[in-house]
Amino acid sequence: MLSAARDGSPVELGAPPQAELPHEALEEADERPPQSGLQRRSVVVALHGRHAHLGAIALGRLIAHGLEAPLRGLCLSTEPIDASEVPAHFGIAPEALQGMVLDVEASDDPPGALASAMASYGTALVIVASHADDPTDERFGVGQLAARALESAALGVLVIREEPSPPRLQRILLPLDGNPSTASVIAPVGEVARKLGAELDIVLVGCASPREAADDGPPVSTPVPFEPGAMVAPLYVDQPQHEWPAFTEEFLARFLSAIGHCPHGVSTRFFLGKGEPAAEIARLAWQLASDLVVLVWHGQLADHHGAVIRDVLARAPCPVLVLRR
244 MLSAARDGSP VELGAPPQAE LPHEALEEAD ERPPQSGLQR RSVVVALHGR
294 HAHLGAIALG RLIAHGLEAP LRGLCLSTEP IDASEVPAHF GIAPEALQGM
344 VLDVEASDDP PGALASAMAS YGTALVIVAS HADDPTDERF GVGQLAARAL
394 ESAALGVLVI REEPSPPRLQ RILLPLDGNP STASVIAPVG EVARKLGAEL
444 DIVLVGCASP REAADDGPPV STPVPFEPGA MVAPLYVDQP QHEWPAFTEE
494 FLARFLSAIG HCPHGVSTRF FLGKGEPAAE IARLAWQLAS DLVVLVWHGQ
544 LADHHGAVIR DVLARAPCPV LVLRR
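This note's numbering puts the first residue of the sequence shown at 244, with every later residue one more than the last.
I should point out that these hints are in silico values taken from the structure, not numbers from a laboratory. Be aware that a few hints might be false.
What the hints assert, rightly or not - Ranges between beta-carbon positions, derived for each pair:
no., residue 1, residue 2, range
1, Gln530, Ala375, 43 to 51 Å
2, Thr321, Ser363, 13 to 21 Å
3, Glu328, Gln530, 41 to 49 Å
4, His507, Glu322, 29 to 37 Å
5, Glu328, Gly549, 35 to 43 Å
6, Gly440, Ser350, 35 to 43 Å
7, Ala331, Ser424, 40 to 48 Å
8, Leu345, His507, 31 to 39 Å
9, Glu328, Gly508, 12 to 20 Å
In this text, all values refer to a predicted model and were calculated from it rather than measured experimentally. Idealized CB from N, CA, C, for every residue including glycine.
Take these sequences, add in the hints, and give me the full structure.
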């Protein structure tokens, strides 16, 4: 595992070479205003069933604060209820819902009702829990409610597999595959990190490199690019003490500066992963104690990228935010 910190100090995971990050390549980006596709979008917490929802609501408040966005609660019930009955119906203290706009949808098909409501919300960010005892949608490997949200989202869905306690957003893990369209989320995610005082860990992941089998150098991971301007890690690192800093400088100049516009003041670390992407993302999320993993999804499940989304949703030890492109 190769890693480097944006402040210039190396961070060791395994036995990486020492790497110094240049500041000059990032200064121009630090002066630009962030280009956020998330800012001020509504944040909607889906409430359904008898599970505890306090973690999802608290996480929703954090996200809404970071986006400077209104917070709504979408209450999905199989029987008609009034908004005043929501706390008792879902087993939530009334004060936990204070300041939220509550929408109630009564339907025998909660996933369908959620999809319809999301269409009316437009580009809202939806937070939905996927519990172990929920009926599973095999396409996504999560509960049917979360799967329908992912399928219907115009902007993004944050899936919670286990209620975070206490909810926090101090470390955000953002995997990139070397394609410019994926890197375009650096600005909005970085802006949320800046607002919340969180640290942003960026990892470049992809297919395994032939270098993995060699004994005389560190393993690296090489993404499979499909867009103009895509960037891959070097297949062979003969002199890592020279080539790793050079690659890091070029990657950061192109993706964090020219494409990503990472906002000023965000503490950022860059990692070069190895091996199968989903396994590496999940491993890093555990090792770095990530509070949130952010994935970019192009809406297809049949391709390799879709398989990565599904596997990360199943393996990640923390909530996963899936942003649509």
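Structure-based check of each hint:
| no. | hint | verdict |
| --- | --- | --- |
| 1 | Gln530 with Ala375: 43 to 51 Å | violated (24 Å) |
| 2 | Thr321 with Ser363: 13 to 21 Å | holds (20 Å) |
| 3 | Glu328 with Gln530: 41 to 49 Å | holds (44 Å) |
| 4 | His507 with Glu322: 29 to 37 Å | violated (51 Å) |
| 5 | Glu328 with Gly549: 35 to 43 Å | holds (39 Å) |
| 6 | Gly440 with Ser350: 35 to 43 Å | holds (40 Å) |
| 7 | Ala331 with Ser424: 40 to 48 Å | holds (45 Å) |
| 8 | Leu345 with His507: 31 to 39 Å | holds (37 Å) |
| 9 | Glu328 with Gly508: 12 to 20 Å | violated (44 Å) |
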